[in-house]
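These protein sequence lines are chains A and B, in that order. Here our numbering is used: position 278 in the first sequence is 278, and no number is missing along the way. Here our numbering is used: position 119 in the second sequence is 119, and no number is missing along the way.
Derived from the structure by calculation, the hints contain no laboratory data. Be aware that a few hints might be false.
[Claimed, not checked] Among chain B residues calculated to face chain A with C-beta under 8 Å, some are:
#1 Glu13
#2 Thr35
#3 Val96
#4 Val97
#5 Val100
#6 Ile103
#7 Arg117
#8 Ile120
#9 Tyr121
#10 Thr164
A virtual CB, placed ideally from N, CA and C, is assigned to each residue, including glycine.
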Amino acid sequence: MYKTEIRGKLIDGEKSLGQISQEILAPIDAKTPRWWFIAMGISLAMLAFGVKSIYVTLTQGIGTWGVNSTVAWGWEIINFVWWIGIGHAGTAFSIFLLILRQKWRTAINRAAEAMTVVAVFCAALFPLMHMGRPWLFFYIFPYPNTRGPLWVNFNSPLFWDFMAISAYLLISASFWYFGMVPDFATIRDTTKSKIKKAVYGFFAFGWTGSSKEWMRYEGLAFVLGGIAAVLVVSVHSIVSTDFAVSIEPGWHTTLFPPYFVVGAIFSGFAMVLTLVTLMKKLYKMGDFITENHVDAVCRILVFISLIMGTAYITEIFIAWYSGSEYEMYTFFKNRITGEYAIQFWGMFIFNALLPQLFWSRKIRRNLWIVFIISLFINLGMWFERFNIVVTSLSKNFLPASWAEYHPTIIEIGFFVGTLGMFSAGVLLFFRYIPQIAIAEVKMISKYNTQQYDHLKPGHHDYE
Amino acid sequence: MNKRYLVGVFDNEHTLVDAFEKALEEGVVIEEVYTPYPIHEILTGMKNKTRISYAAFFYGLFGAVTLLGGMYYAAVIDWPLHFGGKPFNTFPSFIVVTIVATILTITILTLLTFSVRSKIYPGKKADIIDIRATDDKFIILLDQDKMGMEKPEVTSLFQTYGATEVYEKEANSN
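Looking at chain A on its own, in the form it has when it is part of the complex (with noise of 0.2 Å):
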């Protein structure tokens, strides 16, 4: 059971079913604020840079980018593991806070499932790119077909990726919007515009919140829920399962599935963290995202970055141990020194060293450190992310094949689109789409009240 005298209040001021529903639609049936507009511009900007460089792309082919045939994966592979792992905190977040039973994750689950979508949608488009000619990208589909018939390659972990993310893709975005369809129904039944009424309503897809409709919810959320925890898992297992099958030095190593994925929900939380204080502070939601639930993703984030250091310093140790020379070399004289040893400190001290600041109380509850800390996270797990993959590649076992790796502007454009289809995403999401989910938040709120101590032994504590 959730203890409010030692956690603190899940929801700040005594507020009625009523005025949840009503503070968290305040930004739907509000005028959109100016900058809401300033913000879209600057996204819908980067994003045509993205769309510009794509564009390039395509007509051009991957000779415009940085990468040569020794460091044949460049910003684009980057970029897609860094999308991949940021999408991996809203299911992360919504399954793992489930089954622990942390009621605090209703008020950030829906923001941290948005996001998921958002971002593996980027994270999408950089293999696809990558494909060099991605109108053919369909040869991927394992079907029946008159190309010989000609099959995929069941064991390339290349094609386990393409499963993986696709199906990610789709469990994470009917997860979140059949989370939001008792929502929506609210939506529909409070608001007083017609047009709202007739859009929302045609999305509440009829709910009514009948006992019955619940009862199949309820079991829809328990069956989704449990299988999409083992998805979160495999997924960036298998993501990692690109570079830990190949014999690059650096990668061949039996750490780099979990060392994935608690990456992936390092960097995910991070990005939860930065968008709940936007959320805080643009709109206002402060009585449902309180202190105590960003106190509790910063705690969140002291414990997976010990594990994060322990990785680090694991990979070090076994590089040494291993007696490997190649591995030395690539450890000690191309990643801690030598000239990517910037991405290695910037990795190492953003990751491991920069989150220790959380163990203090008074910057778990300032909210602009805690602000910039979740920005040089996510910056730091970037930097991770060239770290494994450029270093690796630029000097494996052949000195004659060494080459060194610079982005050109195509790449770099490409990555701006993306973070631009990114905060474009997010803050249409923002606008459209009720920010915390109101009916969980609803059902935790009777731990608030005076009431919920009268309630006879025999009520539930229902989740």
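Please build the complex by placing chain B on the supplied structure of chain A, with the hints as guidance.
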């Protein structure tokens, strides 16, 4: 055909559950309960059963068998390839795709089942009894022709247990 309903409106979960349990004890037949969020006592009290998790299990079984069978067919029967002296049936590496795609199969088919069984689909017009049930009110719906108790008695029972309103309503039954 239009049916005559009796609608009890409650302000919070606490009074609703009390009235609901009392009414069941007294032998009142409850047609349906509408709430803004799921309430355990109501879901068990209404004796609704869902078999969606069994359905999900069989979808998973179907998905896993189909996927493994499909990959075996492609890699062993239809287009066997020698690579590095490895067996055609590289079972362990088929597991990866099997897990992920089985989860996808379960999700899609379970969602479809949910949609079909609960009659919830895009653009459906909701049969709303009381529009406040998705916001802040808890509604108990009784069919006046078969509620197992007289109207004044039910009304007073609801009111004793904290109903804020009890009113009659005619609606299309379906």
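Numbers of unmet hints, in rising order: 10
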